[in-house]
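Peer 1: Sequence:
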Amino acid sequence: MAIPEPTLVTLLRHGEVAGRPHVFRGASDEPLTGRGQGQVLAVLAGLPEFKRIAASPLRRCRDVAAAAAAARGLPLEVLPGLAEMRFGAWEGCTVEEAAASHPEALAAFRGHADGAAAPGGETLGAFRQRVLAAWAAWLGDGQGGHRVLISHAGVMRVLLQAVLDLPASSLYRVALPEAAHFQVSLLPGHAPILLSLKPCADSCSPFSS
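The numbering used here applies: residue 76 is where the sequence shown begins, and numbers increase by one.
Treat the hints with caution; some may be incorrect.
Said to hold, decoys possible - What follows is a set of in silico ranges between Cβ atoms, one per label pair, in the way DEER data are often shown:
no.	residue 1	residue 2	range
1	Pro150	Ala182	36 to 46 Å
2	Ala237	Leu149	17 to 27 Å
3	Ala102	Ala182	14 to 24 Å
4	Glu124	Glu179	24 to 34 Å
5	Glu172	Gly200	22 to 32 Å
6	Gly113	Pro150	19 to 29 Å
7	Arg248	Pro81	37 to 47 Å
8	His265	Pro178	37 to 47 Å
9	Glu124	Pro178	25 to 35 Å
Please keep in mind that the hints were generated in silico from the structure rather than gathered at the bench. Ideal placement from N, C-alpha and C gives every residue a C-beta, glycine not left out.
The task is simple: from the sequences and hints, build the whole structure.
Peer 2: As structure tokens, this is what we get:
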């Protein structure tokens, strides 16, 4: 019986975004700056060859992924389920502004309760279910080899929690600044393995995604 080939996945956060920094950035769709594009392309250039590349549909992920895919002659897989959490009334706000306008909602959100959400936004529980379902569907073809996903800090934290079986309270203890990335090895019948975790910027906000 043939031994299945492991699937190596590199999960990469987008780079610097044009617009106000250190805010709740979920469904808002600003592009990357030139520096942000360079951050992502530099990481991709240093990776082993990959067979597939996918991205969130939001421009800060999709645009640079499309350029990288075209340069390598690969199709780009756009995965709506791996877009960032929708922050509703907090879109574009700092943590301080959200605390001033909705202190109780922010306290519940920062307590990681599944039902917590920004007013008009997506609950943490719904976000987690969406991300994990999209991740499972993307990996469900059983193909091995190396593939890349360009996405968001929130998405990456959910997936890191799932890979390592971590409690939700641990998610914001992992720094995922611009162009941070980690690699996991997946093999059917075996627990996922975290191979590396590499922050690539000198500062970040856990809420700027």
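Peer 1: I want to verify a distance hint. Is the separation of the beta carbons of Glu124 and Pro178 within 25 to 35 Å?
Peer 2: Given range 25 to 35 Å: violated, Cβ gap about 49 Å.
Peer 1: Could you say whether the range 24 to 34 Å given as a hint is met by the Cβ separation of Glu124 and Glu179?
Peer 2: Taking Cβ atoms as reference, Glu124 and Glu179 lie about 50 Å apart, which means the hint is violated.
Peer 1: At the C-beta level, are Ala237 and Leu149 separated by a distance inside 17 to 27 Å?
Peer 2: holds (26 Å)
Peer 1: How does the Cβ-Cβ distance of Ala102 and Ala182 compare with 14 to 24 Å: does it lie in that range?
Peer 2: Once the Cβ atoms are compared, 23 Å apart, the range 14 to 24 Å for Ala182 and Ala102 holds.
Peer 1: Range hint 37 to 47 Å: satisfied by the CB atoms of Arg248 and Pro81?
Peer 2: violated (28 Å)
Peer 1: Just to be sure I understand the hint, the distance between the Cβ atoms of Glu172 and Gly200 should be within 22 to 32 Å; is that true here?
Peer 2: holds (24 Å)
Peer 1: Given a hinted range of 19 to 29 Å, is it respected by the beta-carbon distance of Gly113 and Pro150?
Peer 2: Given about 24 Å between the Cβ atoms, the range holds.
Peer 1: Could one say that the CB atoms of Pro150 and Ala182 fall in the range 36 to 46 Å?
Peer 2: Once the Cβ atoms are compared, 44 Å apart, the range 36 to 46 Å for Ala182 and Pro150 holds.
Peer 1: Within 37 to 47 Å or not, the Cβ separation of His265 and Pro178?
Peer 2: Holds, at about 45 Å.
Of the numbered hints given earlier, the model fails hints 4, 7 and 9; all others are met.
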